[in-house]
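K.L.:
Each chain is listed here by its residues.
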Amino acid sequence: MQRELIDRIRALMDEGVATRVLGWKKGEFFYDTEPAILTAEQLDQLVYDSFCGPNLSKYLIQEMPKLEGKIIALIKPCDSYSFNQLCTEHRVDREKVYVIGVGCKGKIDVDKLRARGITGITAIDEDGDTLTVHTLYGDETVNRHEVLLNKCLTCKGKEHRVFDEQIGESEDTSAGADRFDMVKKLEAMTAQERFEFWRGELSKCIRCNACRNVCPACSCVKCVFDNPNTGVQNKAAADDFEENMFHIIRAFHVAGRCTDCGECSRVCPQGIPLHLLNRKFIADIDDLYGEYQAGEEIGQRHPVINYTQEDCEPSVVRERGNQA
Amino acid sequence: MSVNTEWKPKIVAFCCNWCSYAGADLAGSSRLSYPADVKIIRIPCSCRLNPLFILRAFQRGADGVILCGCHPGDCHYSTGNYYARRRMTLLFSMLSYLGIDSRRTRVEWVSAAEGPKFAATMNDFAKTITELGENVKLGDLRCKEN
Amino acid sequence: MQKIGVFVCWCGSNIAATVDVKAVANALRSEPGVVFSTEYQYMCSENGQNLIKDTIRDYKLDGIVICSCSPRMHEATFRKTALAAGLNPYMVEIANIREQVSWIHKDMTEATDKAIVLGRAAIAKVKKNAPLTAGTSPVTKRALVIGGGIAGIQTALDVADAGYEVDIVEKSPTIGGRMAQLDKTFPTLDCAACILTPKMVEANQHENINLLTYSEVESVSGFVGSFKAKIRKKARFVDEVKCTGCGVCTEKCPSRKGLNEFNMGLNTRGAVYIPFAQAVPNKAVIDASNCIHFRTGKCGICEKNCSAGAIKFDQQDEIIERDYGAIVVATGFKPIDASAFDEYAYNQSKDVVTSLEFERLMNAAGPTKGTLLRPSDGEHPHEIVFIQCVGSRCSRDASKGKEYCSKICCMYTAKHAMLVREKYPDTKVHVFYIDVRTPGKNFDEFYRRAVEQYGVDYIKGMVGKVTVEGKKLRVQGSDLISNEQVHIDADMVVLATAIEPDPTARSIGTMLTASMDTNDFFTEAHPKLRPVESPTAGIFLSGVCQGPKDIPETVSQAGAAASKVIGLLSKNELVGNPCVAHANELLCNGCSQCERVCPYGAITYVEKEVRGPEFRGTKRVAVVNEAVCQGCGACTVTCPSTAMDLKGFSNNQIMAEVDAICR
Amino acid sequence: MKKLSLNSLNQWLEGIAGERRVIAPIEAADQVNYGVWTPDSKIRLDALRTVKSAKDAFFPQVENMMNFRAEGKNLSVEMIDPKAEDFVILGVKACDARSFDILDRVFLSDPYDPFYAARREHATVVTLACGRPDENCFCVNFGIDPADPKGDATMWIVDDTLYLRANTEKGEALVKDLEDADDAAVKAQQAKTREVAEKLPFARLNLKGFDGDHLMEKFNDPHWAELSRACLGCGTCTFVCPTCQCYDIRDFDTGHGVQRYRCWDSCMYSDFTLMAHGTNRPTQVERFRQRFMHKLIYFPSNNEGMYSCVGCGRCLAKCPQNLNIVKVIKALGGDEA
Amino acid sequence: MAANVTTEDILRISGVNPRKCMKCGKCSGTCPAYDEMEYHPHQFVYMVERGQIDKLMQSKSIYRCLTCFACLERCPRNVEPAKLIEAVRLAVIRQQGMNHMTENDIPALLDDKLPQQAIVSAMRKYKK
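Protein chains in written order, with our numbering: chain L, 1 to 324; chain G, 1 to 146; chain W, 1 to 663; chain F, 1 to 337; chain H, 1 to 128.
Honestly, I wouldn't trust all of these hints.
DSSO-like mimics (lysine-lysine), calculated; alpha carbons at most 30 Å apart, straight line [claimed, not checked]: (1) 8(G) with 42(F); (2) 23(H) with 460(W); (3) 528(W) with 83(H); (4) 60(H) with 549(W); (5) 465(W) with 20(H); (6) 137(G) with 2(F); (7) 20(H) with 127(G); (8) 647(W) with 113(H); (9) 234(W) with 8(G); (10) 141(W) with 128(W); (11) 66(L) with 334(W); (12) 113(H) with 465(W); (13) 53(W) with 141(W).
The hints are simulated quantities; they were obtained by calculation from the structure and are not laboratory data.
Treat the numbers as computed from the prediction; the structure is a model and nothing was measured.
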């Protein structure tokens, strides 16, 4: 498929559709692929395999002002939602992007292998659902599904919500999982248990801002937490409160716009399940204002900038119970 | 938590200028009392209330935050309180999800004519917050007076 | 460091009795930035204002904080004071230590402490204030009056006489409203039609007045000076220009099913009808729901008989869009539905009527041509019981009535009783009352005349029940003065039903963003000082839509509303509210979310060349139309980067207040 | 050489913790970081890499420096006394141990940092040799021996036994009561580790030319734009890095006064070294270049060739978009050695 | 007897606020037992408010009330006179430490004119 993709992109470039492509390039290892913008000459570096996890759509924002003509973008089914959302918010101009919807059967999370104690990884052979991992300390076999990125376990399906053409087959890797499982589990806890859960998680935060900077919804020119004039500028959490503040506000600012792409949790160096914050907003929105998927279409008006006269009152939160 | 008889809650009430602030004025001119722990901040409309302000209040030592605005349908700006309603619902839900007692936050619609309701709401909210005690989960230790 | 002055007002003893004003002034003097702090008996007095002005000049103050009554009371006053001393009026903040402190707290220590905290918050805010200058917006020199009753007519006439165009939108086919249905008016007993119809005609003929009857306001956008209204002119199915009002069609119409609204449904009318003889405009209208042509496609008798060729079965609703500088609400009232009053047998007997029905039964143009006859059998009643406060002053539940006093019932009941006794001296008249309320010029004299001159039997007490006993109505009530239960076999019972705002008022209130109370009466901008203005700028209130009132009061309020409208329309431009939203172009993401939540369409996006330390180039940025923005702040919270902020209520100002309060 | 059964580790630590804090790799919420050890802690000496490095023990992410108290219009200043208490930091790997030398150069030279110095003085550093380096490790390039780290005492884990060797008096005091042991097992493990280390994919990076003499050449290298293209501008690499030592000093208004504190800063951030006129590194390319120029050129040229990188591999493992110093060295360093 | 029963006692038992009364007399206007009573429903409310509890407790009027709730149903201000009357009766019962009558006394009191409702309510009220 990688070969087919490169050939097609080269053909498109020859036709003059675009001069550059946003995709992934090879890293030092087989797994550390890196988002890249490649010209026709660099096209051989393009990689598309089981390790192309990063959501590329946000990179298009910085490309927009530089563009003359179009750029080709490789967009996985899940990334297509982010792409649409960015178009809705006028951060990306649909007309300036030639979208190749690339097939995806789930991406592998090397950290999950490491968490199983498989370290010193030098190569992986993929054979259907079976992965053979070669390491400095011997070979191991694992089931592919078990080491997919968390976001792939709640896959939004194989459909590309936007594309100019599609290349490659996709597969829904969610296996029927309920993405709100953990949200519900947390909701079922007592307030004290929830408090302790989040304190445990958020106290790990080192405020590296990776979650924010990778997030396609967090696309502010200048974040409130970086802006000395907002009064809430903050570089490191000097108190527990500032950890809460940053993550609550971040989740709130992307509420209704978050496509649940899962990048925040993927990139967190401390493994904080940040997506559970965003997903809580999604669960509430679905529950209180009707099901809504950000980025499904270009031009949607999201629920947090919308209303109906019959909306529930904020007291619903108290009434749902489980507060003490 | 140790019971401190001296402890008085800090309560911030954000009131929209057109209905609830006027309702508070009416409560005042009707001599309807409510605890002095409640301090009012005037905002033009309930939709002006940024979640940042609520968190800021908790950071700085507030024990409860209440937003009062015009009744839905009566917003001076026609739709402001509808947006506020959604925002606050979602924010309060998130705070609760993080283990913050949802009784510490409240939204109440109080019209300019509802002086008694304003006073009753503040009495009730202050009572609830007094019962809940000091906000320790969402405060900033640095802001504690020492 | 700024130089802030603090002025603590005693408000006589209103504040000083509960708040130690000296302690407040002293405490606030030690706040960083405060260079002057004092107290004074009445800051709003001329001497108080002079003190402020002198201090601003002497100390070269950058901002002032007044600890006084609510800013809703005197903010404007003190802003003017500041301006007079050369300080930008928006460098003034008020700490509300009267309504929020002295009036509600009894303990002096507690009240003083709270006043200090509120003072600190105001100081913290004023330090973040920036001088603001208001923009201007043009005024469309035309007024819209919603409702064509006496209130609307009077307002329209007064505004039109001042030389401005007025459109009256009336939902029914004629103007005139409730007053047109009345027989005589208290306390002079002159005929309502005789005094009203000349005004109706005048309104119709006035060159500045445009009548839009059988029309409803569909939507209103814009703001004071520049409203835009969409008005639906419902199809009359009669060409208004061609119709001469001859009435032939109304006589020939074979359908007699429509209840005559003008006569409170006491009789019927044709499907094509003219509401009443003096209707303005005197044009027929077809009630499609009762018209045989519309139901079966046949008939068409009216069309055949109309020599003017005015019948137009294919007429469509028309949408009219016009600009207005001011809007007057004069939506009036209706009596409440008496059918909830089973105890008075309103549903069991036709002879139990409401006062407005009784009014029609007494009226020469009414169903009985002015002869008082029982609706059930057309016989003369010989004993009539009037029951007051039916549904008024009722706090038990909303279905049973209204908590307020309807104000007019005492007087019209006295009028009815008097008129009956005058016309039919053989008829006994009893009035059950809780209180008789007659504050008004010549009102009590009028009521006493009913008792002394006409011998009306006023019984202090209420009727507990009315039962139908054959042709009689058995009325059981209590006489609280003789302390006995009375039983009267009456021929008619008249219920002085409460009045309530017209049901269309609620939707109009929402459309205009004009606030209403729990009873759906429109709220005035100030109960005493601005009684004819809605809190929403450019919206004025005329008549009962604001609260129960009688005709003279309605007319005077209508005139007052008109003078406010004239005052507004006489200006060429309005000085706006400078507390509007503003987008920081460097921070703006161009995401358009603010544009979506703006209720006024005040935000647009443009591609713009932007230069800043971190960005240079063309980008999509939000631009706020300051004349259109009303300063609600919805956009500011929608904006995740805080590029959008609200002048006068900026993020930093509010957070400074939060900090000061929570400190 | 002393030894201790891993089963008795907690017991030993309890003895130490009675007198002073013990900081060790602790697992909490699924992540291993240095933290204060308590008998309830889940100690993870086996973890190759903690998420954050050991530098926190001496240079915490946030540290209060002074307080200003406001009473009305009066302001009083209260300095924080940098007096630290004795503590033991346990389980430091060779790379992190080397990072202390690098940090010492920064904080203990003029201007001398009293906070850092006090902590260094009061610390007993117990290192732990690596048994299982992984593909991201490249410490050997900087002359670090993962099998024989320094510190006040050194530990090795062989099977279920912890071997300890005191290197200084402080270390001696810590281990003196333990059982004596033969060092054969340690030697065997060291040989194995060194053998693996030599075979690691990045064992032979070419660092030729990364010095002050080639400053302008490296600075102007055309590769920077490509190298930094995917950089998100997050601070992950700097915050997990054991040698990144930049901090910002900020004031926090508590309502009753002001706390002046320092907190880690990252040269990857757009507001790093922000000045009144703006920033002198306006794009991510420049910020990215700054980080690696500092580690590979500026620092060694001021410190006798000592690189400000210890090859711990954290940035390789943690960069969200797989950018890292190895890619930089390779792109700028020419051919393999 | 009854010297120590106060307005507050009656209000606490009944949960009624007599100050809401606007003295319209509709309760008395609707009362079917009006003529049997020495004090009428509106007077009950007034007397309780005035603290004339003794008089009420000694009056036979309190036993004439049928508890038909017409007054309560009709009252425009939600004053609920019937509940006040009930409370006064209860106060009497509590004072006596016994019932006004026992169920055995009822048959002897029955006559043709006594409404069925009175019997039912008497049973309900007086049965221990």
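K.L.:
Next step is simple, just say for each hint if it's right about the structure.
P.N.:
Checked hints:
1. 8(G) with 42(F): 41 Å, violated
2. 23(H) with 460(W): 10 Å, holds
3. 528(W) with 83(H): 41 Å, violated
4. 60(H) with 549(W): This hinted pair is violated, its Cα atoms lying about 47 Å apart.
5. 465(W) with 20(H): Since the Cα atoms of residue 465(W) and residue 20(H) sit roughly 22 Å apart, the hinted pair holds (cutoff 30 Å).
6. 137(G) with 2(F): 46 Å, violated
7. 20(H) with 127(G): Since the Cα atoms of residue 20(H) and residue 127(G) sit roughly 27 Å apart, the hinted pair holds (cutoff 30 Å).
8. 647(W) with 113(H): 80 Å, violated
9. 234(W) with 8(G): With Cα atoms ~62 Å apart, residue 234(W) and residue 8(G) exceed 30 Å; violated.
10. 141(W) with 128(W): 39 Å, violated
11. 66(L) with 334(W): 67 Å, violated
12. 113(H) with 465(W): 22 Å, holds
13. 53(W) with 141(W): The hint is violated at about 37 Å.
Hint compliance for this structure: hints 1, 3, 4, 6, 8, 9, 10, 11, 13 are not met, and every other hint is.
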